[in-house]
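Engineer: Listed in order, the protein sequences are those of chains G and X.
Just so you know, the first sequence maps onto residues 2 to 131 in our numbering.
Just so you know, the second sequence maps onto residues 22 to 383 in our numbering.
Hints are supplied without guarantee of correctness; some may be wrong.
Claimed, not checked - Quick list of in silico lysine-lysine cross-link-like pairs, DSS-like style, CA-CA up to 25 Å:
#1 LYS112(G) <-> LYS215(X)
#2 LYS152(X) <-> LYS170(X)
#3 LYS152(X) <-> LYS67(X)
#4 LYS3(G) <-> LYS112(G)
#5 LYS152(X) <-> LYS58(G)
#6 LYS58(G) <-> LYS201(X)
#7 LYS67(X) <-> LYS215(X)
#8 LYS58(G) <-> LYS378(X)
Rather than coming from a laboratory, the hints here were simulated on the basis of the structure.
Here is how the chains run, residue by residue.
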Amino acid sequence: MKTLLVVEDNPLIALSVVEDLREAEIEANVAHDSAEALRIAEQEPPRYALVDIDLEKPGAGIEVARQLTERHQTICVYMSGQTTGTPGDRGAAVGLLSKPFVTSALVTCVKALEHFRETGEREAGDFWFD
Amino acid sequence: MECGCGAVGLTEVRIEDFPAEAEAPGAKMLPVVAYAPYGDDAYAIKELLGGDGTTIEVCRERQELGRALCEPVGALLLTQEALTGGVARDLGEFLRAQEQWSELPIVLLLESTLQLEQVREGLQRMLPRAKLFMLQRPLRKTVLASIVKAAVAARLRQYAVRDHLELQETLRRELNHRVKNILATVMSIFNLTKSRTSDRDSLVTEFQGRLNALTAAHEVMFAADYGSVSVGAVIERALAPFRTYGSRIECSGPDIDLVPEAGLMIALSLYELSTNASKYGALSADGGRVRLTWDVRETNLVLEWRETGGPAVEAPTRTGYGTTFMRAIFAQNFAGEATLDYAPEGFSAVLAASLDKVLPKP
Chain G
2 MKTLLVVEDN PLIALSVVED LREAEIEANV AHDSAEALRI AEQEPPRYAL VDIDLEKPGA
62 GIEVARQLTE RHQTICVYMS GQTTGTPGDR GAAVGLLSKP FVTSALVTCV KALEHFRETG
122 EREAGDFWFD
Chain X
22 MECGCGAVGL TEVRIEDFPA EAEAPGAKML PVVAYAPYGD DAYAIKELLG GDGTTIEVCR
82 ERQELGRALC EPVGALLLTQ EALTGGVARD LGEFLRAQEQ WSELPIVLLL ESTLQLEQVR
142 EGLQRMLPRA KLFMLQRPLR KTVLASIVKA AVAARLRQYA VRDHLELQET LRRELNHRVK
202 NILATVMSIF NLTKSRTSDR DSLVTEFQGR LNALTAAHEV MFAADYGSVS VGAVIERALA
262 PFRTYGSRIE CSGPDIDLVP EAGLMIALSL YELSTNASKY GALSADGGRV RLTWDVRETN
322 LVLEWRETGG PAVEAPTRTG YGTTFMRAIF AQNFAGEATL DYAPEGFSAV LAASLDKVLP
382 KP
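Use the sequences and the hints to build the structure in full.
Structural biologist: So this is what it looks like as structure tokens:
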């Protein structure tokens, strides 16, 4: 059972993220659009999700994060080259992994989410929203 | 007339509180606000300017003026008597709070006894960042009308500048977004290449090759202004580095327009296929040939890459970058399939993508 869901429509980024995670012994499901993300989540409810903000259309990831959080209590972090300026843009996510990111930042983020879920504590990291 | 900023006095007025209708005001929609608190001035002004299509909005009280300035305004018309200390203070604050592009035109009707040269500086200080038109009474109706028209025209140009600045800011953000996405793609190509190469030299060669292919594909996207791209143009550019093989590479298919994403991914796939062919496949031996065809079959766009006449083919022992890449793209992003066949007499690949995913939406 995979506890992490990666939602990313850029195939190269999706491949690379999954591979980087696998090397760190973190298995993830991948969805390439909003509908697939919600479908996979029904079958295998994710504890965590990394969601690209811009899927089929700009901002579609915000709605995906909202639904994942609502239906499955998934802890979501956005992946984006945008910087979400206002709290209104943040929706249900707890943080933003700013693109482009290096492998270590990715792995640190996922491990911090695990820790956060178990203990409620936020380990140091610059991806958290305030 | 209630406005969004809930102002009771001018102090709370902000230009950014302009309502959505302010988007592209036409001359007709831009009223001239006349502040005339005394006597019959208001009617006189309406009389003077009405009837030539200009909308005049007369305000008799300070609060009313504050609210009127919350809306898009073509120009403000003021008489000398109306410009009391309080109004001047309110207006000054409003003018200072204007956005960079804004310079509210104010038409001032002054008494004939006033020496313009002496009051000009004082007025400009009192009403900073306003486009001041100072007129002395008595005044011919036609003169006032044409000055007001000029003021409104100047205001329209200011709105045009605002729209231009907004567009520029949107484009700037979009550029930032695109650059970051491209950098993220480059980072991913690097990661995927790195984990599949065992020595530094092949990492360098392979990464640079893929970066070149990405650059070439972007040239095609840029030429098409990131709109739809012709599959023929994508293929021609992707195979350009292999032109030295001349007629050994043969391409044919109908002209089909694709969404940029599909063009990019097809270009990157062709780079993998052609590089492989020149290293291990048909193009690595004299007389070997490649035939690339594409067409629409039922609901798919199908590209076929067939190699003949090369050295005997052996299936690789591990899955390389190109295979991983093409299988993932065509299955997951294009709802199709990449089928690679390592037949001993010649390698072939069939790349199928659902038309739903690759054709531009009408």
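Engineer: Run the distance test for LYS112(G) versus LYS215(X): straight-line Cα separation, threshold 25 Å.
Structural biologist: holds (23 Å)
Engineer: Would the pair LYS152(X) and LYS170(X) pass a check requiring their Cα atoms to be no farther apart than 25 Å?
Structural biologist: The given pair, whose Cα atoms are some 13 Å apart, holds under the 25 Å limit.
Engineer: For LYS152(X) and LYS58(G), compute the direct alpha-carbon distance and say whether it is at most 25 Å.
Structural biologist: With Cα atoms ~43 Å apart, LYS152(X) and LYS58(G) exceed 25 Å; violated.
Engineer: Would you check the hint for LYS58(G) and LYS378(X), treating anything up to 25 Å between C-alpha atoms as holding?
Structural biologist: Holds: LYS58(G) and LYS378(X) sit about 14 Å apart, inside 25 Å.
Engineer: Are LYS152(X) and LYS67(X) close enough, with their CA atoms no more than 25 Å apart?
Structural biologist: holds (22 Å)
Engineer: Just to be careful, I want the Cα atoms of LYS67(X) and LYS215(X) compared with a cutoff of 25 Å; is the pair within it?
Structural biologist: violated (77 Å)
Engineer: Between LYS58(G) and LYS201(X), is the straight-line Cα distance small enough, at 25 Å or below?
Structural biologist: With a Cα-Cα distance of about 17 Å, the restraint between LYS58(G) and LYS201(X) holds, given a limit of 25 Å.
Engineer: Take the C-alpha atoms of LYS3(G) and LYS112(G), compute the straight-line distance between them, and say whether it is at most 25 Å.
Structural biologist: holds (14 Å)
Checked against the numbered hints above, the structure violates hints 5 and 7; every other hint is satisfied.
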